[in-house]
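Take these sequences, add in the hints, and give me the full structure.
Protein sequences, first through last, are from chains A and B.
Residue 1 is where the first sequence starts when you use this note's numbering, and the numbers rise one by one after that.
Residue 170 is where the second sequence starts when you use this note's numbering, and the numbers rise one by one after that.
Keep in mind the hints are simulated off the structure, nothing from the lab.
Cβ atoms here follow ideal geometry from the backbone N, Cα and C, with glycine treated the same way.
There could be a bad hint or two in this list.
Cβ-to-Cβ under 8 angstroms is the rule here; a few derived chain A residues that face chain B [as the list claims (entries may be wrong)]: (1) P12; (2) L50; (3) R51; (4) L130.
Number of protein chains: 2
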Amino acid sequence: MVGSVQPISLLPIGVVRSPFTTQQGTPLQTVAAFDIEAVVELDPHYAPALRGLEGFSHCHLLTFLDRAEWGGRLEVVPFLDDEAHGVFATRAPGRPNPIGLSLVRLVAVEGATLRVAGVDLLDGTPVLDLKPYVPPFDQVEATSWGWLERRAAEVHRTRADDRFGKRAG
Amino acid sequence: MVGSVQPISLLPIGVVRSPFTTQQGTPLQTVAAFDIEAVVELDPHYAPALRGLEGFSHCHLLTFLDRAEWGGRLEVVPFLDDEAHGVFATRAPGRPNPIGLSLVRLVAVEGATLRVAGVDLLDGTPVLDLKPYVPPFDQVEATSWGWLERRAAEVHRTRADDRFGKRAG
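What follows is the structure in structure tokens.
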């Protein structure tokens, strides 16, 4: 990489309030947490910044996964597999910059607060950004998805089978 | 929002090398830049962290949009519209934490370098994270997408009509 790397400083815009206080029992991905509601509490200053978001059925939450542990490992064994993969070939929360990308369903926008469904985030997780989900921008015809092709189906099965009482893998 | 807000410090993992040096002429979204190739140059240290990513056809790049201008406006008129919307109801690059979410096609992984297609990012943009694109996690049946429902089609038309010689809106 050419040039020096400058640290980047971000200030959270809000915080997630969810029923999950420990990683144990927290769903693996938002698809496996379809029914679970949570609240995104933004700084009240940002209420006008949400105008129009209520017209979207879904949005992306970008969060700082403050309790994810990484430890500098470049290859990790993700929850969904028993083999190691490069950390950037996984969605593991522990990674060099632990930014979470959560696709959630918008239930309601009330002032500077969002009620959302499908959250796989711990209570107290700082929120960095919200982006509306726009199918022409966010959906592609993926022709391959690596080691997750055989594993992702298991997330869905777990959802259907036990309503998220335990980790999917 | 309850509690104090602590700044978060992140260290870029790499940089984008793209043909775009000014915002003028840069496509609005990756869907409008389907054919344009760029290079993601990670710190060479991270080469092992890419192992397995070559099995995915697409990935998300999370970047720091270092040249985006925001100026504290909570409502903005995005390029794709002529009405103001809350900044969190838009994909405008200028926002409180200017984190870019770009869905790109993976062309090749070579050491710590990715060749990708469909990039709407300026040359030199710092890269924060890479995540494999996994349809069961990243695709939902969106039932509404607000003001962008009528506008997103125009991005596609612009792509088809003039191969991105100008801004879509």
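Exercise for the section: List, from low to high, the hint numbers that the structure doesn't satisfy. Expected result: none
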